[in-house]
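Peer 1: Residue numbers (my numbering), protein chains in the order written: chain A, 1 to 236; chain C, 1001 to 1244.
Possibly wrong hints are sitting among the right ones.
Pairs of lysine to aspartate or glutamate, EDC-like flavour, derived with a Cα cap of 20 angstroms [what the hints assert, rightly or not]:
hint : chain 1 : residue 1 : chain 2 : residue 2
1    : C       : LYS1070   : C       : GLU1119
2    : C       : LYS1133   : A       : GLU149
3    : C       : LYS1133   : A       : ASP219
One-sided excerpt, in silico: chain A residues whose CB lies under 10 angstroms from chain C [stated by the list, open to error]:
hint : residue
4    : ALA119
5    : PHE145
6    : PHE203
Simulated restraints, written as ranges between beta carbons of each label pair [as the list claims (entries may be wrong)]:
hint : chain 1 : residue 1 : chain 2 : residue 2 : range
7    : C       : GLU1215   : A       : GLY171    : 47 to 55 angstroms
8    : C       : HIS1178   : A       : THR51     : 51 to 59 angstroms
9    : C       : PRO1111   : A       : ALA18     : 36 to 44 angstroms
10   : C       : LYS1019   : A       : ALA185    : 19 to 27 angstroms
11   : A       : ALA13     : C       : ASP1025   : 53 to 61 angstroms
12   : A       : ARG216    : C       : ALA1039   : 53 to 61 angstroms
13   : C       : ALA1120   : A       : PHE217    : 31 to 39 angstroms
14   : C       : HIS1178   : A       : ALA185    : 33 to 41 angstroms
The hints are simulated quantities; they were obtained by calculation from the structure and are not laboratory data.
Don't be surprised by glycine CBs; every beta carbon is placed ideally from N, CA and C.
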Amino acid sequence: MHHVHLDNWSRGASPLHARDPRAKILALLVFLIVLATTPSNAALTLGIDATLLIAGILIAGLPLGNLLLRAMVVLPFSLTFGVISWLAGDRLRALALVEKSYLSAAAVLLIVGTTSLPALLSGLERMGAPRVLVLVAQFIYRYLFVISEQAQHMRLAAASRQGDPRFHRKGRFRAAAGALAVLFARSYYRADGIHRAMLARAFTGRFQLLNSLRFRFSDGVFLLAAAAFLILVRVQ
Amino acid sequence: MTPLIEVRGLHFQYEDGTKALDGVDFTLDPGETVALFGANGSGKTTFVLHLNGILRGQGDITVCGMPLGKETLPAVRSKIGMVFQDSDEQLFMPTVLDDVAFGPLNLGSTPHQAIHLAEAALDQVGMQHASGKAPYHLSAGEKKRVALAGVLAMNPEILVLDEPNTFLDPPGQSNLVHLLKSLPQAKLIITHDTHFAAALATRAVFFEKGKLVAEGPVDEIVQRFNWRYSALPADLRYSAQRRF
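Same shape as in the complex, but just chain C (with noise of 0.2 angstroms):
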């Protein structure tokens, strides 16, 4: 089986001499749901971003069979759809069913064309009543599904999300597991929220100062590093309600 991703010692510092990616390895296979664990700057949104070229490093990447390189970014942008932590930051056209436009148009597609990609991407997310409103006229939840729209109107095979639950209410992320659970790309999910990542991903890997340190499944993972709110020591959990 040929991997969607395939990642091969791949090192990156930024302007300042931070080391933020030192020789990661790694492969997304079809079908597969990720979830990146790790702490605040240990380099899993600067990996992500080598994914579609927007940042580049040291390394080999392949997308999709095309090895990523200055002929090959329209292609492999058309193969990953990204959608970043901040919705405002996506959604920076006018109206929804503008931006939700844009990268079909980016793509190739005439406007009758994106329009259509569009409506039946707003269709997907359950957010076709919104088509003609301006973004900040949606709550968090809203813009979270019309920035996915955005990037499921570019057809996609592989989703990178970077940690799309956050600013969601409670009811909000529930609706979001739904929505991911059912479409069939493979996923690549950024978050600290392990509940979130045990409903969706099918394996972690764990970032750890600029290096993939582990994989495997959620729960070994999420054990191994000690990685959720339980990990608190047990005088320090539910300690405010046994006060009063």
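Isolated chain A (complex conformation) (with noise of 0.2 angstroms):
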């Protein structure tokens, strides 16, 4: 599941691991935009964002390939349109539009993969995002693996009770409904437990977080020679 890899890059120790999770975000944000912008034609461009991009993933100790792989998610939809530039004539821009969106989500995986998810969530809320969503994508992301090894378990329970999978399609697709309803029950009961254990220990409905990150100098120098170098490359 790409959560538990994730979780499990995202304890590495690498320079780039160590980074304040703004100066990460911010920098991402400044790739995003430069490779937005970036003309079709304007090869080189692209070719320097990318060698920058496996450089930092090189850097963070992250498997190159599997995170190359995994960026490959956004190809089903980039691809559809890409085709449909190609087809229309404009066989650069659709060139563009497929490397474009493959380099943002390796971008994206690099940060997810060199920040934990309770880091960046801290780091978007001290950024001004919203508390509410913070902490719905914090939920989420906990309990994520408790429904997941609840999944896994009645998976299990129903493959232990079939017989011959090959003649029990029908019944498979109603076990497997079955099981997605009830997961969403437990899931719900499960909210209800989360509230009572909150309640009990003086929650009042309003959040008080730790709040330990620490912007550093070197965070500052990190944030500012990656957006240098990327605007710097961008206007040449």
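Can you join these two chains into the complex? Each is in its own frame, and there are hints to help.
Peer 2: Right under this line is the structure:
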């Protein structure tokens, strides 16, 4: 599962992992803007951006092949529009579209893979993202593991009571639908339990967070260097 | 001696009409550890959820001299630390330190104070090494310890534990007994495990159909209600081993 890999990656100890999440988010933002505004025929700029991205992945110590493979998740969408542009006769634009979307996905994976989700969300909150949104994302991520574990238990339980799967396609579909309903009901009850546990620890409806982020001088240097390099490459 | 908890005539009915508590009277004195026995659905968990106002029924509840009400709710919740059966429901924050600091922050501690209290509580349960970890990376025993740290950080006078040894392996249960024995707070423990209760409790009470029907020494209650595994008929005990 994606989130398990990203969670493992984010616990590394490279110079990129050590940066404040705000510096990384802003550098990513600059990267995405530069990429989006790069002309379709600027192959050199796109090439340098790709090289920079690969250098970042290698510095972070993330598995290059695995990350690049995972970034392909955007291809079904971008390839569709790429093919349309190609058929419309704009081949350069089609290639640039696919390349830009792929590089964007890889860049996002690089930042998410070098920043733990709590730190990433904390960074977003400190940058002004709505607290409710951040908390919802935080809860979804926290319970994704619990719910996926429950789903796996249910799948095993269903499989262990199943005969030859080739002859029971309809039955399997019904079982999966039932399991989904049960999973939803369990999640609902779990939410109720979590709310009780929060109330028991004096929760009054407003989250108080520790927010222990520190934006160091080195984070500023990293952000300025990354932004300056990207903009310089773009305007050349 | 003023009791820590005093409950008089507590009644509660769920929305579907199920009568869960039917006139419960109960007292917890300082330094006591009381085991709550009773069949599934007899009202034990419903009862303890009333003690800090999570559920509200009819009757009088006094905690540390404060009558439970809307105004006293925050103070009462700071006095009663509740450890739930499923630790996953209790550990909802992204890291162990964030989770343990959740209670102190809600009680008005500054982030600096909350970190200090959380670290001290984690140290108390032997989990300080895990403070930066995400809860889903912990074992069941570790989760239980962290959940306990989460309430200890609030410095409560009473600990309420709902089936605390569920999901724990035998060494984990043994460690938990030692840990709970070392804590000075008065305790209320819901459990089906009579050995676990006998190791910790000074007294036991028995719930039946929403009523507290008996109280006394753990052994006496266990014998009176045949409330142990060895109450199985003699022909069922170790029958599997005998067959082979």
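Peer 1: What are the numbers of the hints that this structure violates, sorted from low to high?
Peer 2: 1, 3 and 9
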